[in-house]
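Undergrad: Residue numbers (the numbering used here): 1 to 223.
These are computed hints drawn from the structure, not numbers from a lab. Just so you know, even glycine gets a beta-carbon here, dropped at the ideal spot from N, CA and C.
Label-pair ranges, simulated between beta-carbon atoms:
#: 1; residue 1: R201; residue 2: G45; range: 19 to 27 Å
#: 2; residue 1: P188; residue 2: W46; range: 15 to 23 Å
#: 3; residue 1: R29; residue 2: V138; range: 29 to 37 Å
#: 4; residue 1: A197; residue 2: P61; range: 38 to 46 Å
#: 5; residue 1: M1; residue 2: Q155; range: 16 to 24 Å
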Amino acid sequence: MPAALLCDMDGTLVDTEGAWSRAAGDLARAHGVPWSAADDDRIVGWAIPRLADHLGGRGVPLPQGEVAEQLHRAVSAQTAAAMPWRPGARDLLAQVLATSIPVGLVTATYATGVGALLDAVKDLSARAGFDVVVTGDVVAHQKPHPEPYLRAARQLGVEPGDCVVLEDSVTGVTAALGAGMRTFCVEPGTVLPRTVARHPRLRRADGLTEVIGMLGLESAAMA
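The task is simple: from the sequences and hints, build the whole structure.
TA: What follows is the structure, encoded as structure tokens:
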């Protein structure tokens, strides 16, 4: 069992791709900037600073920081109305929270965008939810830099090599491996570079439900 389980948010625990597209489109149109389904497809997987710069370049007359804040507030409101859980996410979190294993959230999303998820996780267990939360606005370097994951381990007081990370993207997997952590890529469709795919600390999983068994969480929660 790991000393801590660290989870990415977007694409790993929740499917917010559509929420980000709607938020970007609504903000663009509110300032008279045309936005289409092709634009939705184009921005999939973009980091928030890049998306904010793109909207500014398209004609949204706001500073990058304000664009980012408005996008995060909009996505948070959408997820609060209906949490878009990834298959197996609720079960995995409920079972790990039934153990004594520390659980952390490590995400590029800003603090203003994670509130709905934090509230939803508190309802899954008698525990208070995540033991540590590292968001994109509290680090100097975002993923693929290892800083977010190293910060989470440091705050929990555990060795990075004793942690397990759940990630879905090349960026996130690269950050976790760079931090020296055992890493599960839980999105089968993610195409990893050869050097990453062959990394000895990487394992592939066909979704979060499979991870429950691979980590032995069912038996650990009953112990």
